Amino acid sequence: SRAAQAVSVERRSDQLLAISRDDLKRHMHNLRLQETQISQDIAGLKRELNAAAFVTRSQGSVGVDPEVLFSRDQKRDALLQHLAAVVEARDKVLVEMSRFLILEGKFRAGINFNLEEARASLEASFANEAEIVFTTVSSSGRKLFSRLTHGFDMVVIDEAAQASEVG
Numbered sequence: 671s672r673a674a675q676a677v678s679v680e681r682r683s684d685q686l687l688a689i690s691r692d693d694l695k696r697h698m699h700n701l702r703l704q705e706t707q708i709s710q711d712i713a714g715l716k717r718e719l720n721a722a723a724f725v726t727r728s729q730g731s732v733g734v735d736p737e738v739l740f741s742r743d744q745k746r747d748a749l750l751q752h753l754a755a756v757v758e759a760r761d762k763v764l765v766e767m768s769r770f771l772i773l774e775g776k777f778r779a780g781i782n783f784n785l786e787e788a789r790a791s792l793e794a795s796f797a798n799e800a801e802i803v804f805t806t807v808s809s810s811g812r813k814l815f816s817r818l819t820h821g822f823d824m825v826v827i828d829e830a831a832q833a834s835e836v837g
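Just so you know, we're using the working numbering here: the sequence shown kicks off at 671 and counts up by one.
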């Protein structure tokens, strides 16, 4: 179906492999700017958390109004949640940058760019992000799955009834 093709690792890899040199440069420039901004945000959040921890240590909790303690905890929890979200956003940017770095070899003079190796690396990169995988019995044996760095929370196999159990 079209919906399945839109998220397939093959299609997403092919779309990246078709990117022009200028588009690659533009995307990398934008990603570097994003990564710089996000890293600054992370540093700011760390400073805020350290300042909050210092205040907590210096004031202690004995004799402090429970509402003040609750407010401090809420502020700290909100900062931690925001930090986790920002770190996740940075991780996504870094993964996207790594994909474009795979493609840079295509445009470098004197480098023997291996299209199939690049395609395999991109496919593994997309598959490594997945939490749920939809596959067929025959596709589940692809080399792609041996290149992955982790397992999946859920794998849905179409045509599973056609598989035979090896005993």
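To be clear, the hints were calculated from the coordinates, so they are not data collected in a lab.
Everything numeric in this text was worked out from a predicted model, so none of it was measured.
Ideal placement from N, C-alpha and C gives every residue a C-beta, glycine not left out.
Honestly, I wouldn't trust all of these hints.
Stated by the list, open to error - Here are the computed lysine-lysine pairs in the BS3-like style, where the Cα-Cα straight-line distance is at most 25 angstroms: (1) 745 with 695; (2) 716 with 762; (3) 695 with 776; (4) 716 with 745; (5) 776 with 762.
What the hints assert, rightly or not - Using C-beta positions, here's what the derived DEER-type ranges look like: (6) 737 with 716: 54 to 64 angstroms; (7) 738 with 687: 52 to 62 angstroms; (8) 702 with 781: 19 to 29 angstroms; (9) 777 with 738: 52 to 62 angstroms; (10) 688 with 817: 28 to 38 angstroms; (11) 746 with 705: 25 to 35 angstroms; (12) 817 with 703: 52 to 62 angstroms; (13) 759 with 728: 41 to 51 angstroms; (14) 787 with 825: 24 to 34 angstroms; (15) 737 with 690: 53 to 63 angstroms.
Structure-based check of each hint:
1. 745 with 695: violated, 40 angstroms
2. 716 with 762: Holds, at about 20 angstroms.
3. 695 with 776: holds, 12 angstroms
4. 716 with 745: Distance ~13 angstroms between residue 716 and residue 745 Cα, so the pair holds.
5. 776 with 762: Holds, at about 23 angstroms.
6. 737 with 716: 54 to 64 angstroms: Since the Cβ atoms of residue 737 and residue 716 sit about 27 angstroms apart, the hinted range of 54 to 64 angstroms is violated.
7. 738 with 687: 52 to 62 angstroms: Because 57 angstroms falls inside the window, the suggested range holds.
8. 702 with 781: 19 to 29 angstroms: holds, 21 angstroms
9. 777 with 738: 52 to 62 angstroms: Because 58 angstroms falls inside the window, the suggested range holds.
10. 688 with 817: 28 to 38 angstroms: violated, 22 angstroms
11. 746 with 705: 25 to 35 angstroms: holds, 26 angstroms
12. 817 with 703: 52 to 62 angstroms: For residue 817 and residue 703 the Cβ distance comes to about 31 angstroms; the hint is violated.
13. 759 with 728: 41 to 51 angstroms: About 32 angstroms separates the Cβ atoms of residue 759 and residue 728, which means 41 to 51 angstroms is violated.
14. 787 with 825: 24 to 34 angstroms: holds, 26 angstroms
15. 737 with 690: 53 to 63 angstroms: Holds: the Cβ-Cβ distance is about 59 angstroms, inside 53 to 63 angstroms.
Against the hints set out earlier in the document, violations occur for numbers 1, 6, 10, 12, 13.
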